[in-house]
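2 protein chains.
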Amino acid sequence: MLPFCDALDKLRTAGLRPTRQRLSLTQILFGQGNRHITAEELHAEAQAAKADVSLATVYNTLNQFTEAGLLREVAIEGDRSYFDTNTSNHFHYYLESEGRLLDIEGDDIQVIGLPQAPDGTEIDRIDVIVRLRGGNAGKRPETT
Amino acid sequence: MLPFCDALDKLRTAGLRPTRQRLSLTQILFGQGNRHITAEELHAEAQAAKADVSLATVYNTLNQFTEAGLLREVAIEGDRSYFDTNTSNHFHYYLESEGRLLDIEGDDIQVIGLPQAPDGTEIDRIDVIVRLRGGNAGKRPETT
DNA sequence: TTACATGCAAACTGTTTGCAAATAT
DNA sequence: ATATTTGCAAACAGTTTGCATGTAA
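Residue numbers (numbering that gives the first Met the number 0), protein chains in the order written: chain A, 0 to 143; chain B, 0 to 143.
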């Protein structure tokens, strides 16, 4: 759990009012390394932590954080959205059997041979998702 | 528009009963090169082609086709699903401004430096989406 | 004639929104 | 005091499903 003051700083820096709800969510989100979390999951964790935050507020907060650059949204399956606390350039494993996202460690991974971007466009970012089948990988940490 | 008999063959080969609806959708889907289409779009095209197919059937058919290996589903944004008539290994541009998918041409693009897949897993497939910002790329073909 | 496919409308899921009450500045 | 944020419930979009009807084999 992120120290309260760090959460406060984070919000202030992002230009977001440090409300009770945002502070709680910030502490949960950024308190334990890189995480990939859905709105429902975050809501559940907030409840478990006795931080009373409505689901709507969780959604709004995740969107605000994303807009503020604190989070990055990762689209995997059509149904739910994952929010990644790691906003730097990096790619993902997706464990199909568990519906879980994992950072790909190591920075030697890269995409090569990209042709020119069409017309007047420029590359915003490159999403790479390595879909893993089978196994029950990742020592099943209770949260991620 | 794919010739009727080709559509018939395609369905038979896939082990799907060649119903009127499936035949129409097959003709629309596979009649003009590689396409990236949503259920709503396909439904609209079917209507325009006087092929009366309910939206539910369009959804069911797209799923059946995907399961049968005739289509590939591409997850982009959380909201809608795209179905790709190109089931071979290839990557995509995503035009953020238009919400449109484009194949990346050229087969020299590749992902290198991948670490070992965790545990007992194996790579199912690798999705690469190059997100393009701005411009109004792609000569705006009326369909794709 | 029998198993499978379709259409409709209702159900469902994840997400967003309108508005009154609560809160940060 | 004022603008922002919250919570709730209702709205919403995309998708799936149950069931009676229709159709391919």
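Errors might be hidden in some of the hints.
[Said to hold, decoys possible] Which stretches of chain B does chain A cover? Using the computed rule of at least three CB atoms under 8 Å from a CB of chain A, they are:
id: 1; stretch: 48-55
id: 2; stretch: 85-96
id: 3; stretch: 120-126
[Claimed, not checked] On the chain B side, residues computed to face chain A include the following (Cβ under 7 Å):
id: 4; residue: M0
id: 5; residue: P2
id: 6; residue: D107
id: 7; residue: Q109
In short, the hints are calculated from the structure, not lab data. On a predicted model such as this, the values are computed, not experimentally measured, just so you know. We put the CB at the ideal spot given by N, CA and C, even for glycine.
Broken hints, by number: The structure conflicts with hints 1, 4, 5, although it agrees with all the remaining ones.
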